[in-house]
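Chemist: Following the working numbering, the numbering of the sequence shown begins with 5 at its first residue and continues without gaps.
You can trust all of the hints, since none of them are fake.
No more than 35 Å apart at the CA atoms, straight line, and that leaves these computed lysine-lysine pairs for DSBU-like: (1) Lys60 <-> Lys130; (2) Lys130 <-> Lys72; (3) Lys144 <-> Lys134; (4) Lys134 <-> Lys160; (5) Lys130 <-> Lys68; (6) Lys60 <-> Lys144; (7) Lys160 <-> Lys144; (8) Lys130 <-> Lys144; (9) Lys60 <-> Lys73; (10) Lys160 <-> Lys130; (11) Lys134 <-> Lys60; (12) Lys134 <-> Lys72; (13) Lys68 <-> Lys134; (14) Lys73 <-> Lys134; (15) Lys72 <-> Lys60; (16) Lys73 <-> Lys130.
Just the calculated beta-carbon pair ranges, DEER-fashion: (17) Val131 <-> Leu33: 16 to 24 Å; (18) Phe106 <-> Val74: 42 to 50 Å; (19) Asn46 <-> Phe106: 34 to 42 Å; (20) Gly45 <-> Glu15: 29 to 37 Å; (21) Glu79 <-> Gln136: 17 to 25 Å; (22) Thr71 <-> Gly107: 37 to 45 Å.
It should be emphasised that the hints constitute simulated quantities derived from the structure, not laboratory data. All figures in this text were calculated on a predicted structure; none of them were measured in a lab. Cβ atoms here follow ideal geometry from the backbone N, Cα and C, with glycine treated the same way.
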Amino acid sequence: MYQGWAIRVNERGAEPFCSGLRVPHGWELYRGDVFVTDNQGNWIGTCRLNHLQEGKFYGFPSSKPATKKVHSAEEVEPPVLWLPRALSPSASGIETIDTDAFGPFQGQMLIGDFQNSILMRAFLEKVNGKWQGVVFPYTKGFLSGVNRLSMGPDGKLYVGGGKRTWS
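Turn these sequences into a full structure, and let the hints steer you where they fit.
Modeler: Shown next as structure tokens:
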């Protein structure tokens with residue numbers, strides 16, 4: 005149930021929040037807003053970073069349960085970032101750099117990629133109430149696919165991975 009949906013869980017249970025996600029893989033609270041990576045595939049040409057907002061539709065029409073209306077192109081919420089396919093065929097975990105131990109990048113996001121075993125750095129800004137940004141390659145050479153990122157209490161970034169294959 006709720007495939008392709010983001011849900012909110014509270015004391016009343018789970019309730020739908022927004023729909024149209026294909027294969028969300030990582031999420032992060034950033035400056036009070038929720039962001040999620042979503043993976044390329046049917047209907048989605050390349051991976052993306054979405055700012056989740058209540059009641060919005062993000063473009064993947066095969067959510068279950070299906071939304072009651074047919075959405076026009078103008079009603080599809082655009083992503084904050086489209087991730088270049090050559091850089092990120094399988095976007096994964098997200099973590100905010102919250103320390104100056106990473107040089108001048110404090111306050112920016114790191115985004116993992118499962119297939120390419122890399123980290124990307126994303127700089128975001130809010131303009132006229134909408135998030136937008138740019139993504140840069142950050143580091144590569146992990147021996148497994150990058151799945152989860154976590155900033156430890158020691159200020160170090162911990163990267164969790166797995167095999168670089170879907171099988």
